[in-house]
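Heads up: the protein sequence lines correspond to chains A and B, in order. Under the numbering used here, the residues of the first sequence are numbered 9 to 125, in order. Under the numbering used here, the residues of the second sequence are numbered 599 to 1035, in order.
Treat the hints with care, as some may be off.
As the list claims (entries may be wrong) - With a Cα cut of at most 30 Å, we get these calculated DSS-like pairs of lysine-lysine: (1) B:Lys889 <-> A:Lys77; (2) B:Lys899 <-> B:Lys910; (3) B:Lys889 <-> B:Lys901; (4) B:Lys889 <-> B:Lys823; (5) A:Lys77 <-> B:Lys914; (6) B:Lys834 <-> A:Lys77; (7) B:Lys901 <-> A:Lys77; (8) B:Lys823 <-> A:Lys77; (9) B:Lys889 <-> B:Lys914; (10) B:Lys969 <-> B:Lys899; (11) B:Lys889 <-> B:Lys910; (12) B:Lys914 <-> B:Lys969.
To be verified - Label-pair ranges, simulated between beta-carbon atoms: (13) A:Glu58 <-> B:Ser940: 55 to 65 Å; (14) B:Pro821 <-> A:Trp92: 43 to 53 Å; (15) A:Phe66 <-> B:Asp912: 24 to 34 Å.
What the hints assert, rightly or not - Covered by chain A, according to a simulated footprint, are these stretches of chain B (three or more residues, beta-carbon under 8 Å): (16) 677-689; (17) 856-862.
I should point out that these hints are in silico values taken from the structure, not numbers from a laboratory. As the structure is a computational prediction, the values presented were derived from the model and not from experiment. We treat Cβ as the ideally placed atom computed from N, Cα and C, and that holds for glycine.
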Amino acid sequence: MRISSSVARVSRPPLRRPFLSLLVAAGLCLLTLPAWADDDFFGEDWPRTEGYEEVGYFCGACHSLAIVKQQGLSRPHWDDLFDWMIEEQGMAELEPEERELYLDYLARHFNEDHRPL
Amino acid sequence: MSKSKKERGICELYAEDPERADYVVFGRVADKGRRGFLKGAGLATMGVALGATIPFHRNMPAGLIPAAFAESLTDFKIEGKDGLTVLNDRPINAETPAHLLDDHITPTERHFIRNNGVPPEDMNPATWSLTIDGEVERPMTLSIADLKRDFEVVSYALQLECGGNGRSAFNPPARGNQWSLGAVGNCMWTGVRLVDVLNAAGVKPTAIYTAHYGADTHLSGDPDKLPISRGVPIEKAMSPYNLIAFEQNGGPIHPMNGAPLRLVVPGWPGSCSQKWLRRIQLRDVEHDGPKMTGTSYRVPKYKVAPGTDVPKEDHKIIHAMPVKSLVTFPESGITLPAGSPSVAVRGHAWAGDYFVSQVELSADFGTTWTKADLMAPTNPYSWQSWQAEVSLPGRGYYEVWARATDSEGNQQPFAINWNPKGYLNNTMHRVAVTVAA
């Protein structure tokens, strides 16, 4: 055991933004490849209605669409979730018309009557 | 695929209006005077769907989805894991089907994964370091070798359960990963006691809360953001059963379970057990790291009706998890040979900071109950395994329900104590068993 003289030094993991960018890029490539074959980038359970590409790419840039498809939330609760992602999770602010489009899509397909699993 | 589509359709119907769903799907009508009367036609329809008649149909509550329809599985593969159902692949979240949790000590390849961010790429135990700082007399930075050399190394069987285990049964749905039953495990963890390390650092009287930090990074790639940093009140931190663990079941910790060093703070939501542990800070205030505040890992201070919008300030932090049990044998949906007089049933039960004092089983929709043989825990905070022989009087469809009671007299409920974020679902596990004609 040793007494640390510089505690703050180890308080945060090293920066790895370049690594992550590569990982994300590689991940997108991997995801895109099968899309050429069967036009199924989003999965067959991602409904093809207005805005599906915009919403799918926006959400899928940071996390799996699987987590979106599991949800069953009212429009106000989707709206709250956007606030949470912006305030707590570093999501970019959306233009009002974008936000409307995304909320319309999510509330249409993944509302409280959408049961997960 | 067609099986899961059918199940989803039924679940949707039942979610909207259970009694109407009973009528639409099975033609079942609940008699006003009784809680589960099945008319002849409805009973026959449900029987056809299940492939069996239901001997205890008169006890079966209206609007209850037969357990045979309530579960579905999908198989994916994660290196070093076996049979887990993947809920989410970025970040990775995967749970274990109940029947694969049959072992008293959960094999490493069957322990669930709950990630909030991106795991670190460097998990080298030789160069790993842990810092203890904040409200301590002697801040320290220790290697894993230091921990092994300077503190007593102990092994405990410790149950860990995700605070959101069971969320998928919430109605209205609660946001987040839709865990069904299997975000729970009971591995043998080896490490040093958290309390010993904190005492070596010298806990100042001003310390009231811990703050845990891991090496995983935020999904957005922003290096200034932490995916999760939770903590516990200092009283819980000083329990002798919290470990700073470096081995899982006598081998290396699985990379997705927090290699090479993690906290195991059993009995409380799994998120208190920071993975890829780099730092424990003692604080003179309640910790306010990511997923400590707002409504994360919190429930309303008072009981609310399903669907209620509860203000943030009316939420309180979850402490110990509630009493719960799991049936791990037989697998739900099993068909027994004609003439089988009974079925051997087994599983586990656990109870947060308490012991389990009793487990009971019913095969008649909760009308009568049989006591199970309940093992003493391997050590405090291990789950307790149990077994029982349950009578099945004749052919047909049965549901085996398991109900545990803790040492304080708290018992598992039948219905969910609904809360906005879908935590603490400790309702009874229901397993479908059919005796062939």
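Worksheet item: So which of those numbered hints doesn't the model satisfy?
Response: 6, 10, 12, 14, 17
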